[in-house]
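Let the hints inform the model, and build the full structure from the sequences given.
Now for the letters of each chain:
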Amino acid sequence: MAKTLYQKLVESHTVARLDEQNVLLYADLHIMNEYTSPQAFAGLHEAARPVAVPGQHLSVVDHIIPTHPVSFRIIQDPSSALQATNLAKNCTEHGIVLFDTNDALQGIEHVITPELGMIRPGMVVLCGDSHTTTYGAFGALGFGIGTSEVEHVLATQTLVYRLAKDMRIRVDGVLPLGSSAKDLIMYVISCIGAQGARGYVVEFQGSAIDALSMEARMTLCNMTVEAGARGALIAPDDAATDYVLERAPDIATQYKEAALAEWATLHSDHEATFDIEHVFDASEVAPYVTWGTSPDQAVPVTGKIPSPASAPDATVRAASEQALRYTGLQSGTNMEGIAVQRVFIGSCTNARIEDLRVVAGIVKGRKVASSVRAMVVPGSGAVRRQAEREGIAQILIDSGFEWRQPGCSMCLAMNDDFLLPGERCASTTNRNFEGRQGRGGITHLMSPAMAAAAAITGCITDVRKLGETHV
Amino acid sequence: MSDMTSTSRIADTTRVEGIAASLPTPNLDTDQIMPKQFLRGIDKKGLDKGLLYDLRYDADNQLRPGFVLNQPAYKGASIIVAGSNFGCGSSREHAVWGLQQFGIRAVIAPSFGEIFYSNAMNNRLLLVMLPEAEVQRIMEDVSNPLTSDVLIDVGSMTVKSHSVEASFTLSARHHHMFLEGLDIIGATLSLQDKINAFQEQHWQLRPWLHNIAHVTRARINATSPAKPLGNS
Chain W
6 MAKTLYQKLV ESHTVARLDE QNVLLYADLH IMNEYTSPQA FAGLHEAARP
56 VAVPGQHLSV VDHIIPTHPV SFRIIQDPSS ALQATNLAKN CTEHGIVLFD
106 TNDALQGIEH VITPELGMIR PGMVVLCGDS HTTTYGAFGA LGFGIGTSEV
156 EHVLATQTLV YRLAKDMRIR VDGVLPLGSS AKDLIMYVIS CIGAQGARGY
206 VVEFQGSAID ALSMEARMTL CNMTVEAGAR GALIAPDDAA TDYVLERAPD
256 IATQYKEAAL AEWATLHSDH EATFDIEHVF DASEVAPYVT WGTSPDQAVP
306 VTGKIPSPAS APDATVRAAS EQALRYTGLQ SGTNMEGIAV QRVFIGSCTN
356 ARIEDLRVVA GIVKGRKVAS SVRAMVVPGS GAVRRQAERE GIAQILIDSG
406 FEWRQPGCSM CLAMNDDFLL PGERCASTTN RNFEGRQGRG GITHLMSPAM
456 AAAAAITGCI TDVRKLGETH V
Chain B
2 MSDMTSTSRI ADTTRVEGIA ASLPTPNLDT DQIMPKQFLR GIDKKGLDKG
52 LLYDLRYDAD NQLRPGFVLN QPAYKGASII VAGSNFGCGS SREHAVWGLQ
102 QFGIRAVIAP SFGEIFYSNA MNNRLLLVML PEAEVQRIME DVSNPLTSDV
152 LIDVGSMTVK SHSVEASFTL SARHHHMFLE GLDIIGATLS LQDKINAFQE
202 QHWQLRPWLH NIAHVTRARI NATSPAKPLG NS
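Top line first, the protein sequences correspond to chains W and B.
Residue numbers for the first sequence, in this note's numbering: 6 to 476.
Residue numbers for the second sequence, in this note's numbering: 2 to 233.
Accuracy of the hints is not assured; some may be wrong.
Some, not all, of what chain B presents toward chain W, calculated at C-beta under 7 Å [as the list claims (entries may be wrong)]:
| id | residue |
| --- | --- |
| 1 | Pro27 |
| 2 | Asp30 |
| 3 | Asp32 |
| 4 | Lys37 |
| 5 | Arg41 |
| 6 | Lys45 |
| 7 | Asn86 |
| 8 | Ser91 |
| 9 | Glu94 |
| 10 | Ile116 |
| 11 | Asn120 |
| 12 | Thr170 |
| 13 | Leu171 |
| 14 | Ser172 |
| 15 | Leu192 |
| 16 | Asn212 |
Subject to a maximum C-alpha distance of 27 Å in a straight line, what follows is the list of computed DSS-like cross-link-like pairs (lysine-lysine) [what the hints assert, rightly or not]:
| id | chain 1 | residue 1 | chain 2 | residue 2 |
| --- | --- | --- | --- | --- |
| 17 | W | Lys470 | W | Lys369 |
| 18 | W | Lys94 | B | Lys195 |
| 19 | B | Lys76 | B | Lys50 |
| 20 | W | Lys13 | W | Lys170 |
| 21 | B | Lys195 | W | Lys8 |
| 22 | W | Lys170 | W | Lys8 |
| 23 | B | Lys195 | W | Lys13 |
| 24 | W | Lys309 | W | Lys470 |
| 25 | W | Lys8 | W | Lys261 |
| 26 | W | Lys372 | W | Lys470 |
| 27 | W | Lys94 | B | Lys161 |
| 28 | B | Lys76 | B | Lys161 |
Calculated directly from the structure, the hints in this document are not laboratory data.
Quick reminder that beta carbons are idealized off the backbone N, C-alpha and C, glycines included.
Structure follows, in structure tokens:
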């Protein structure tokens, strides 16, 4: 029988069928951070249960970590510091690999695991973090779980998993100059809505997807969760397998043939049927910007803030009105020209080396507007060092950007990087929720290129009008 | 309807009955349900304080008297009637713990964020999904403090507000989990033999998935000139 990629991944990881809707799913890799795992370890200890398979877990300090540009980092907040030491204690006790606060390879969980070659096609990857969908870029089934489930995975290496439905999003055509994978996913979310993929695992197919780099695919899959998806998938191709083999010498030297043979089966069969399908044309994707407080409240940068009166129903209208109250904007206003005081380039969505190259290409020889405080927080120590080697860091510093240490930083503002009330930020992150980047702060989501343009001009700017050819 | 409050019924898992408060905003995300500053613990304590903090308190940490959960008529509310996609966003289970610590035992909405849904079920926070029109009518009922009582009978899977009687569904598994409680990890561990057998075969077929974290760390330690800069 013809199967989708999602069905194949579930099947290859099903330990037992529990009932009509649930299976016991095996987890190949479980990633933990300092803030969603402590209560799971506490529960485990209370029940006197061991970690079933310590070699299939790893931990990272990333959400609370300060990103000041000093090499040795000290977490000042006592509660946050305790979260870090507690994680180290739990990892030591159970023999779990930890990328600790001052580890040279520390970084955002979803940035370091692919770059270290730990994400491989056909895996199931779990993490107490919703952006675990990132790993679909490799044809791995990744999704976020709660702390109770973290405890379950620690104790059993499995998860009680409610099966999802299959959605296909086909994107053909060529992304125009100035538009990126970030713009593509923002466009898709604005079309299908913040719960347009709720209940589904989304498989992306089409020539526009095939043309994306691995890092761009990670951006795409990462943010698919903002449409409510339970997972995102792209069938692994040569780009994916080359990326993995280059970073995982253990496979390249020992198991290459067997692995490639297995990975070649990881695609939806031709006759496979999806529960629902959407089709988009990449050539229609302009640089997108959010105007509201939900990721689906987005328009092309050349557009205007829509009127709540044009909303399809009373609920959407009320949500739009509330969003405009919070963001202090009025319907009919042009997106271009809205002044920002902050620019944040970072997060598991857009803090990889390709993102930073794009930013450097735009800001080289230009200066950050005097009205703007602009920060670049690289996704990992490795990204940071590579950017320094490539001269990117110097370009950013010369332009007036703060060049900081890696971490989640102002994506969710759990550390000491946050917006002040009323500050407006051009941000390469994934969520523009009320208060997400700091209480009273206002987030406009956009691509790294667009955020770079906003940093230079001090307002939301169509990057295509900056006269760059290498955007 | 009975005037029984949620607290006097706390041990009864067959029904949730009490004052319901309406939070109609769609896509009410877990960042709003439990803001970041309350996520710094290593235990589950004190999260009632953080629940919906920015909606309950103003920027000077003063109670917003107009917010529904701050109104005297809704004090002790045990049910929230919410807009669609309630609990979307971050996976933080703190949102569920905070709702429960605040006294909320059930949320009625047209739809829920997926991770939030699993988190709620694992903590026996009852989630009732009803069509948008029915949720709307229940909201209208409970917006009047005189008709704000709602009864959810878990056994028969029915909801009753002043003017609405509706049925909802739960999977057999979730129905059982809510009524009887379930040591989910214990139940899975009873399948340990199956897990072991699966794992052995899985790694035999795909040896590159075995021990990934340790293999990777050992390789890094052996090859990377960049030693850790220190320890925390």
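We went through each hint and held it up to the structure:
no., hint, verdict
1, Pro27, "holds (5 Å)"
2, Asp30, "holds (5 Å)"
3, Asp32, "holds (5 Å)"
4, Lys37, "holds (5 Å)"
5, Arg41, "holds (4 Å)"
6, Lys45, "holds (6 Å)"
7, Asn86, "holds (4 Å)"
8, Ser91, "holds (6 Å)"
9, Glu94, "holds (4 Å)"
10, Ile116, "holds (5 Å)"
11, Asn120, "holds (4 Å)"
12, Thr170, "violated (11 Å)"
13, Leu171, "violated (11 Å)"
14, Ser172, "holds (5 Å)"
15, Leu192, "holds (6 Å)"
16, Asn212, "holds (4 Å)"
17, Lys470/W <-> Lys369/W, "holds (16 Å)"
18, Lys94/W <-> Lys195/B, "violated (31 Å)"
19, Lys76/B <-> Lys50/B, "holds (15 Å)"
20, Lys13/W <-> Lys170/W, "holds (13 Å)"
21, Lys195/B <-> Lys8/W, "holds (25 Å)"
22, Lys170/W <-> Lys8/W, "holds (12 Å)"
23, Lys195/B <-> Lys13/W, "holds (20 Å)"
24, Lys309/W <-> Lys470/W, "holds (17 Å)"
25, Lys8/W <-> Lys261/W, "holds (25 Å)"
26, Lys372/W <-> Lys470/W, "holds (16 Å)"
27, Lys94/W <-> Lys161/B, "violated (49 Å)"
28, Lys76/B <-> Lys161/B, "holds (20 Å)"
The structure is inconsistent with the numbered hints 12, 13, 18, 27, although it conforms to all the rest.
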